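A.B. asks: The residues making up each chain are set out below.
2 protein chains.
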Amino acid sequence: MQQPFQLDRLRVVLVATRNPLNLGAAARAMSNFGVLHLRVVNPFALAFREARSALGPAAEVLANAEEFSTMADAISDCGLVVCTTAFQHREMHHRIHRLDEGVRLIREHLPSGPVAIVFGSEKSGLSNADLSHGQWLMHIPTRGEHLSMNLGQAVAVTLYETVRDARQPAVPQPLAPATAAELERLTAVLLDALAASGYATPANFAATEQKARRLVRRMNLNPHDAEIVLGMLRQILWKLRSRSGDVTR
Amino acid sequence: MQQPFQLDRLRVVLVATRNPLNLGAAARAMSNFGVLHLRVVNPFALAFREARSALGPAAEVLANAEEFSTMADAISDCGLVVCTTAFQHREMHHRIHRLDEGVRLIREHLPSGPVAIVFGSEKSGLSNADLSHGQWLMHIPTRGEHLSMNLGQAVAVTLYETVRDARQPAVPQPLAPATAAELERLTAVLLDALAASGYATPANFAATEQKARRLVRRMNLNPHDAEIVLGMLRQILWKLRSRSGDVTR
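Quick note, the sequences are listed as chains A and B, same order. Quick note on the working numbering: the first sequence kicks off at 1 and runs consecutively. Quick note on the working numbering: the second sequence kicks off at 1 and runs consecutively.
FYI, nobody ran anything at the bench for these hints, they're computed from the structure. Wrong hints could be hidden among the right ones.
Pairs involving identical chains hold if they fit within one copy or between any two copies, as the list cannot separate such chains.
[Said to hold, decoys possible] DMTMM-like mimics (lysine to aspartate or glutamate), calculated; alpha carbons at most 25 Å apart, straight line: (1) K123 / E67; (2) K211 / D192; (3) K211 / E227; (4) K211 / D73; (5) K123 / E66; (6) K211 / E184; (7) K123 / E50; (8) K211 / D225; (9) K211 / D100; (10) K211 / D77; (11) K123 / E145.
Owing to the predicted nature of the structure, the values given are computational and were not obtained by experimental measurement.
Using the sequences and the hints, build the whole thing.
C.D. replies: Here is the structure:
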């Protein structure tokens, strides 16, 4: 995956995280999507220590994490501060953007400086005091019956959406489709096998030939698949003929 | 969030999941995004019991989860079976789609019947035998340095992407794909024919079985095509056996 230009200016800020597994999961998703700057505000001390001591893919992100005692310090260098919410606040002081719209705005800001995406604690989300540091709220569209996401999963989905439209090279495909000549060779051997088995008869031969040709074209075979099928059919044909040589020859 | 029309036809299949927290996290993300049909194949018994006993938002999805002992049973009613991968396979037998492209194809299929999205175990992903049941692979674009995602996070990101454009109804397709059960029946007859012809031998049988299963899945057959191929193979098999009854029986 090619990195978008200013992903390095993105900061993930976790406020008052309680569960070391969630810290680890958030860091892992960051590593997966190439967002490497983690800032933690007042994490539960034991949780942070435990998460940092864990080995594994998130270790580097956690080792480089910066710790702050106030939200204000954690976001002081950021030109845009986006607070995430499960959308359950009764009082709305902020504009809310759905994740995809929010990400578009974040990407517009990145050229001009660092952007923080802030996630609250598992228990209570972000406090009103925390929210007051943000320009607007961002919300992952979950269903009404079950709005609140797990912290690690919310970070993963948010970063996925942030990175998803970065210019990415196409996924290399295993193989191009088989050529018409390859498919026609295969069709011929299939017809021989159908004739040798009695499926194709002189009376239905023309119709069966068309049916077989259409079928082979619809099968979406690549050259490797075509080769496999050809091998199978040749063996079957050989067996049919060797056992019934007296009849078909 | 508005529910897409046929989200109810989506099945999340977790194969050989080891960690109860991951089962719980997957179920929670399903509940968040309104994808409620969970199927588990050979979960670690203790993990499944522990996850099911947990209270919380995922409880209903887990309580209704269906348990299967084979992948074939878990996906038998599905017309499209999509296997997820961290994209680390050296040998590529399947076409790979990036998550966003894959989701587009899944949404095209939903009007014609159930679709399974299959996730492998935390430790080793899906085996080649598991993969042979799928039509194609789907891959979340993560960075090269750290490809493999946490299971619960992978499920969350996949379902987020699946639901995100929900308001656009998919264009219905002309003909439903063959179900996994139909394709498995076809695979069985193909294997019989390959055995009767000498293509499949006791020495190569397991490998040939996987090769045949993968091949049939890649062929993109609709029920009509599957019926035609089945008819051809049955006639060939009958002929092979009737001519060489002394050898194969």
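A.B. asks: If any of the earlier hints don't hold here, list their numbers in rising order.
C.D. replies: 9
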